[in-house]
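K.L.:
What follows is the residue order along each chain.
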Amino acid sequence: EDKVVQSPLSLVVHEGDTVTLNCSYEVTNFRSLLWYKQEKKAPTFLFMLTSSGIEKKSGRLSSILDKKELFSILNITATQTGDSAIYLCAVVRGGSEKLVFGKGTKLTVNP
Amino acid sequence: DAGVIQSPRHEVTEMGQEVTLRCKPISGHDYLFWYRQTMMRGLELLIYFNNNVPIDDSGMPEDRFSAKMPNASFSTLKIQPSEPRDSAVYFCASSGVGGYTFGSGTRLTVV
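Top to bottom, those sequences are chains E and Y. Everything in the first sequence is counted per our numbering, starting at 3 for the first residue and increasing by one. Everything in the second sequence is counted per our numbering, starting at 27 for the first residue and increasing by one.
Honestly, the hints are just simulated from the structure, not real lab data. It is possible that some hints are incorrect.
[Claimed, not checked] Listed below are the simulated EDC-like cross-link pairs for lysine to aspartate or glutamate, each with C-alpha atoms no more than 16 Å apart in a straight line:
| hint | chain 1 | residue 1 | chain 2 | residue 2 |
| --- | --- | --- | --- | --- |
| 1 | E | Lys5 | Y | Glu70 |
| 2 | E | Lys5 | E | Glu71 |
| 3 | E | Lys105 | Y | Glu70 |
| 4 | Y | Lys104 | Y | Glu40 |
| 5 | Y | Lys104 | Y | Asp89 |
| 6 | E | Lys5 | E | Glu41 |
Predicted model only: the values in this text are computed from it and were never measured.
Bound-form chain Y, shown alone (with noise of 0.2 Å):
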């Protein structure tokens, strides 16, 4: 298994771009979760799903920041127009019977 895959790794935008970040979630897990990391705010949920259905979506910052899971195996979340105060650590998790994993992050910069 390859665990949670998060696409891009790096991203380095400039300030009124959009950016898409990509998730593919562990087969079988019916949850999928992203959070945002940043040194200020720590680890906070953005929004989940279960069964590709959004679930809680109150930690979206604003409606700039939206997501869609079209299928049991891929994710993404969306900001349009990006700002510098966007730029954080992105990850992407789901959960299962086997429980909670993360994937390896996007560090999204916009300049």
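Looking at chain E on its own, in the form it has when it is part of the complex (with noise of 0.2 Å):
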């Protein structure tokens, strides 16, 4: 069964923390892993990673995936309050259009 695990759960942290975000998986034929921001409604698209060793980055968000130790980590540096969610990891298999997802890890930014 496929499985995607989160850590931390929670993180509260004050406003120019930097923060990493992890997220390890095990997966029949890997496709690729995606990263999401939940603040009060959907999830809202970040990353989308299929190849190890590529970092992708947007703004103060950066990410890098690691297949042969089957993680990825979601960096926010500078944080702001409005960096405030909850971090939603996914995997995707070979064959298969569904998001696997971790349960998340709740991140709090105190000004």
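Assemble the dimeric complex from its two separately framed chains, guided by the hints.
P.N.:
The structure is reproduced here in structure tokens:
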């Protein structure tokens, strides 16, 4: 059975801190790993990673995948209160379109 | 593009009643997914369709749950009879060439 484990489950930091969120997975025939940010409503897409070692970057957010060790990290530098959200990691296996999600990391950024 | 549209936004019903959740996917997307999100279990895939055909319903919890997709622009998820443990946020998502997009969800409360 496909499995996605995120850590930590929750994290509280101060504005300006840098955070690293972790996602490890076990999936048959891995195809890609996705990161989402969920505030009050629907998850919104952040990154899709398919190849090891290639960093994806968007502003203060970046992510990288290690297919040998079966994990990914999401980094957020110079955090702001608007970064407070649940960050979800999901994997997709080859031959399927369904996403298998981890339980998420709840990030709280205090002013 | 209005995105994935779900209705209703909130539903409160009594135990034993039938509940129908609705979803309009993004035009041109050929996959449609129903997810359920709870604090305990996170985001779980219930069922997904490809070109209106159900592909994987292994996540549907029991016979009380059913889903249909009569055409490319509409899907329903029905719970009959509803139980308090069905209380959750139900998300519809669709995917196609442009990627994977979630609707805003229906918050279901069964009392």
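K.L.:
So if I understand the rule, the pair passes when the alpha-carbon distance is 16 Å or less; does Lys5 of chain E with Glu41 of chain E pass?
P.N.:
Outside the cut-off at roughly 23 Å; violated.
K.L.:
Please verify whether Lys104 of chain Y and Glu40 of chain Y have alpha carbons no more than 16 Å apart.
P.N.:
holds, 15 Å
K.L.:
So if I understand the rule, the pair passes when the alpha-carbon distance is 16 Å or less; does Lys5 of chain E with Glu70 of chain Y pass?
P.N.:
holds, 12 Å
K.L.:
Straight-line Cα separation of Lys105 of chain E and Glu70 of chain Y no greater than 16 Å?
P.N.:
holds, 9 Å
K.L.:
Are the Cα positions of Lys104 of chain Y and Asp89 of chain Y separated by 16 Å at most?
P.N.:
holds, 10 Å
K.L.:
Are the Cα atoms of Lys5 of chain E and Glu71 of chain E separated by 16 Å or less?
P.N.:
The hint holds at about 14 Å.
In this structure, only the earlier hint numbered 6 is contradicted, and the remaining ones agree with it.
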